[in-house]
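J.: Sequence:
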Amino acid sequence: MPYELIAILMFSTMMLMLLTGQRVFGAIGFVAVIAALFLWGDRGGYDIGFSAAIKLMRWYPLLTLPMFIFMGYVLSESKIADDLYKMFHVWMGGLRGGLAIGTIGLMVLISAMNGLSVAGMAIGATIALPELLKRNYDKLMVTGVIQAGSSLGILVPPSVVLVLYAMIARQPVGQLWLAGAIPGLMMATMFIIYIAIRCRLNPDLGPALSAEERDVGLPEKLRLLRAGLLPVVIFAVMMVPFVNGWTSLVESSAIGAIAAFLAAVLKGRMTRAVFETSVRQTLAITCMFMWIILAALAFGAVFDGLGAVKAIENLFTEQWGLNPWVILILMQLSFLVMGTFLDDTAMLVIVAPLYVPLVGALGFDLVWYGVLYTITCQIAYMTPPFGYNLFLMRAMAPPEITIRDIYRSIIPFVGVMVLALAVVMIFPQIALWLPDYVYGK
1 MPYELIAILM FSTMMLMLLT GQRVFGAIGF VAVIAALFLW GDRGGYDIGF SAAIKLMRWY
61 PLLTLPMFIF MGYVLSESKI ADDLYKMFHV WMGGLRGGLA IGTIGLMVLI SAMNGLSVAG
121 MAIGATIALP ELLKRNYDKL MVTGVIQAGS SLGILVPPSV VLVLYAMIAR QPVGQLWLAG
181 AIPGLMMATM FIIYIAIRCR LNPDLGPALS AEERDVGLPE KLRLLRAGLL PVVIFAVMMV
241 PFVNGWTSLV ESSAIGAIAA FLAAVLKGRM TRAVFETSVR QTLAITCMFM WIILAALAFG
301 AVFDGLGAVK AIENLFTEQW GLNPWVILIL MQLSFLVMGT FLDDTAMLVI VAPLYVPLVG
361 ALGFDLVWYG VLYTITCQIA YMTPPFGYNL FLMRAMAPPE ITIRDIYRSI IPFVGVMVLA
421 LAVVMIFPQI ALWLPDYVYG K
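Note that my numbering has the sequence shown beginning at 1, numbered continuously upward.
If you are wondering where the hints come from, they were derived from the structure by calculation, not from laboratory data.
Treat the hints with care, as some may be off.
What the hints assert, rightly or not - DSS-like, lysine-lysine: derived pairs with alpha carbons at most 25 angstroms apart:
# : residue 1 : residue 2
1 : Lys-267   : Lys-86
2 : Lys-86    : Lys-55
3 : Lys-221   : Lys-267
4 : Lys-139   : Lys-86
5 : Lys-86    : Lys-221
6 : Lys-134   : Lys-221
7 : Lys-221   : Lys-79
8 : Lys-267   : Lys-79
9 : Lys-134   : Lys-79
No experiment lies behind these values; they were computed from the predicted model shown.
Hey, can you work out the whole structure from these sequences and the hints?
T.: Now the structure itself:
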């Protein structure tokens with residue numbers, strides 16, 4: 001059987017298993033090991049899975065994963081993250097659309113604490129959304145704000161998704177995180193500019209708070225400012241030593257986890273329930289990602305052995321004569337299509353064995369491509385009919401927000417995100433300047 005046909009058979013079998021509801025790592029790992037057994041016999045089949053497991057266990061930066069997840073859950077479960085919204089509520093409520101702008105700021109800081117979009121969505125839907133609706137903010141706009149803002153969790157460091165990409169693409173986690181920082185802040189700024197312009201043109205979308213609500217006194221404002229900026233201080237304590245080269249990435253992640261734990265203890269919020277929930281969630285998510293990485297490495301090893309990447313590269317560039325940029329754009333469009341029914345980790349694991357080597361062969365920077373992949377995943381999260389964030393919002397939103405409202409609310413924000421993707425594609429240094437500067441220094 002030709003190797004190209006074997007590759008197509010592997011992909012179709014894997015997609016069929018995923019459509020039956022199998023777990024992502026189970027479907028991908030099963031196809032990888034069965035294909036290896038048929039191709040290279042018992043010894044080859046066992047060796048591929050075993051070598052993938054050893055490679056995973058020896059990957060030192062993987063230790064950052066449980067550290068950052070634990071840090072995020074401690075800050076979330078201990079309600080330290082709630083203080084952020086109270087701070088934005090008081091300090092920015094006087095602006096038209098100020099609470100919506102503050103919600104974007106809240107999402108950026110939640111992203112810097114957790115690295116997962118689910119955390120931002122949960123906090124935004126349960127804390128910010130009821131407050132915004134109660135103050136007569138337009139429900140379409142604020143629903144879109146929370147969905148768009150929560151998607152920043154997979155781009156702003158410490159992004160857990162970029163850790164997964166780093167392992168599969170064999171790229172440095174630190175460089176990928178730094179590469180995602182400026183595009184993430186740029187996208188958040190674009191959201192804020194859009195909200196400010198919309199509310200300026202139509203004040204009814206985001207009315208300013210009354211003077212009575214904002215007038216809490218300067219001492220209370222300063223207290224809220226200190227409480228709200230605590231997560232920022234924790235993030236700075238963690239990242240400044242790493243950026244200056246004083247600590248490694250793993251050491252910085254440990255500093256962040258310890259700082260979050262101590263902050264919760266000092267504020268009297270580290271209860272047994274908070275600690276147990278944080279540890280359980282950290283263990284569950286870390287194990288999930290490790291299984292996915294293990295399956296992806298095994299699947300990628302089979303593809304390397306087949307030479308499927310070379311065959312597809314030859315098909316695109318030699319037989320079809322496509323320009324490298326056209327191939328890159330087609331890759332991004334395929335992510336958008338897959339994002340309608342798969343989450344970000346499943347998308348990456350399915351196509352990484354083909355896309356990542358192909359991107360390198362076409363002469364593109366793999367760190368830069370990691371940022372493009374992540375932004376495209378953000379867009380796919382909010383693309384109907386089955387975008388991941390759409391269903392999370394439906395599960396968490398109050399009854400007055402219908403699924404039709406949720407679909408309509410994301411249209412302008414998807415437009416902003418597509419514009420941000422185009423800007424990063426046209427100007428790669430937006431993503432590459434910071435890692436080049438830090439690592440060059």
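J.: Would you pick out the hints that fail for this structure and give their numbers low to high?
T.: Hint 2 alone not satisfied by this model.
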